[in-house]
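*Asks:* For the sequence shown, position 412 matches number 411 in numbering that gives the first Met the number 0, and the numbering has no gaps at all.
To be clear, the hints were calculated from the coordinates, so they are not data collected in a lab. Values in this document were obtained by computation on a predicted structure and should not be read as measured data. Just so you know, not all the hints are guaranteed correct.
Subject to a maximum C-alpha distance of 25 Å in a straight line, what follows is the list of computed PhoX-like cross-link-like pairs (lysine-lysine) [said to hold, decoys possible]: (1) K260 x K373; (2) K131 x K199; (3) K199 x K126; (4) K199 x K74.
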Amino acid sequence: MPYSQSKRYRPPRSSKEKRRSERRKALNSPSYLNDDTSNQWEAYPGEDILKDTDIDIYEYWSARELLDDPSAQFKFLGEIAAWTELADGSVQPYDPPEYRRPTPNLDLKKGQLREQPEDQGPDRDFKDEFAKQVAEYGTNPELLEDVDIVTTMPALRIFIAFVEGRLQDDMRSKGQHAKGGSEATRIDMIRVGRMPCAPKAISLSTTFTWSTNRFGMRSRDQKQRSFIPYLQAVVSNEKRPSAKEADDAEVVQPAHFRILKYEVGGLKIAVRARHYVIMPSVDNNAVDRPGMGVEVMASRPLNAGMLWDAKLRMRYAEMLFADTGMICRGIVVASHLADIQEVTRNDLELDRPRLWEETEDMLGRIVGFMRRVKEVAESPGSQNRPIWLQYANAEFRLISPAYPDDIEELFMDPTEENLAELRTLGYAD
Numbered sequence: 000m001p002y003s004q005s006k007r008y009r010p011p012r013s014s015k016e017k018r019r020s021e022r023r024k025a026l027n028s029p030s031y032l033n034d035d036t037s038n039q040w041e042a043y044p045g046e047d048i049l050k051d052t053d054i055d056i057y058e059y060w061s062a063r064e065l066l067d068d069p070s071a072q073f074k075f076l077g078e079i080a081a082w083t084e085l086a087d088g089s090v091q092p093y094d095p096p097e098y099r100r101p102t103p104n105l106d107l108k109k110g111q112l113r114e115q116p117e118d119q120g121p122d123r124d125f126k127d128e129f130a131k132q133v134a135e136y137g138t139n140p141e142l143l144e145d146v147d148i149v150t151t152m153p154a155l156r157i158f159i160a161f162v163e164g165r166l167q168d169d170m171r172s173k174g175q176h177a178k179g180g181s182e183a184t185r186i187d188m189i190r191v192g193r194m195p196c197a198p199k200a201i202s203l204s205t206t207f208t209w210s211t212n213r214f215g216m217r218s219r220d221q222k223q224r225s226f227i228p229y230l231q232a233v234v235s236n237e238k239r240p241s242a243k244e245a246d247d248a249e250v251v252q253p254a255h256f257r258i259l260k261y262e263v264g265g266l267k268i269a270v271r272a273r274h275y276v277i278m279p280s281v282d283n284n285a286v287d288r289p290g291m292g293v294e295v296m297a298s299r300p301l302n303a304g305m306l307w308d309a310k311l312r313m314r315y316a317e318m319l320f321a322d323t324g325m326i327c328r329g330i331v332v333a334s335h336l337a338d339i340q341e342v343t344r345n346d347l348e349l350d351r352p353r354l355w356e357e358t359e360d361m362l363g364r365i366v367g368f369m370r371r372v373k374e375v376a377e378s379p380g381s382q383n384r385p386i387w388l389q390y391a392n393a394e395f396r397l398i399s400p401a402y403p404d405d406i407e408e409l410f411m412d413p414t415e416e417n418l419a420e421l422r423t424l425g426y427a428d
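Using the sequences and the hints given, assemble the complete structure.
*Replies:* Spelled out as structure tokens, the structure:
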């Protein structure tokens, strides 16, 4: 057979095909940190990709703008509140179980791994919920007096992924960016509000649950099956599904919440974190302080070494904000627990000597982004208005809905009478 007819033969491309290929590569660039052509407003200078006639945009930021921000030191300042939420939804004082190492060759069952719900929603107000949790289960509520930012771990995971470019790559791969003349999807991810219990702070609560499965083949309402819920029940000595139950039986474990205070780069942050199990008291000398959480994970043998991949500094930053002392990673082979990886924060620092330095650089970008949001949110033009952090086309934008002229006149003259009328109409923050 002539070589020109074989499967490996590829005819030479014309100059038109080469130009088309180069343009496609520019539009689909995977990096949003160093590639200046990734912004679609630059790729289509003569077109209005996003028609934002229904919102007011105060400011917008890309991840590239944060690259020159200085690194930030991380310091733990204390615990503000702690409580336990049972499987039936009831709340009781903080009572987490201690971690117990599972036995090898244990038979595991898959359970439904539910996504953590949004912090803010139609039937859920983060401001009132947070104030009630601090009032009823506060251990040191006075620590909120000088806090600058009040947020949660799901919101911080979005910020970590944004400054590292992982959020942009994931959204681009799911077709949420502008491409080929189509408009980009506008997603209101974070609600920016004010906290009466923390007068100097702004709140950053999620209105969107971001995960790698969102917009993918699995719908949001369809539950993801995983060995993690069953493994959480094993290490915490909680109730496990019986042998008669199906493999996709849902295992709902009690969740244990803490509100923690940190100082990162001069910015004081209060974070609400969730754990299912804490470090055993006999291993307190292996972690920074007693009562640190344990993150339970499950993996295949093929991915056993991926704990130390390029995303390690992202995992380490999440461990810092959630006050996680150890990662328990079960290696599962055909529903059998073949091995257990138990890695503390000190172990990660020894394995990767530059990990702490790399994490401080990333923390500096996160703090720089939150400081920019706080500065614009506290400006006179955005006072008393409901504002969101909206993701659109690899950028975060601080936006507010565009209101009718009579409502805008009330916002322009923020007297007590006008603000009371806005609250009655449901417009004021």
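*Asks:* Evaluate each hint against the coordinates.
*Replies:* Structure-based check of each hint:
With a C-alpha separation of about 17 Å, the suggested pair K260 and K373 falls inside the 25 Å cut-off, and the hint holds. In summary, the hint linking K131 to K199 is supported, as the alpha carbons are separated by about 18 Å, within the 25 Å threshold. Between the alpha carbons of K199 and K126 the distance comes to roughly 14 Å, so the proposed pair stays at or under 25 Å and holds. Proximity of K199 to K74 is assessed by CA-CA distance (about 20 Å); at most 25 Å being required, the pair is judged to hold.
The structure agrees with every numbered hint stated previously.
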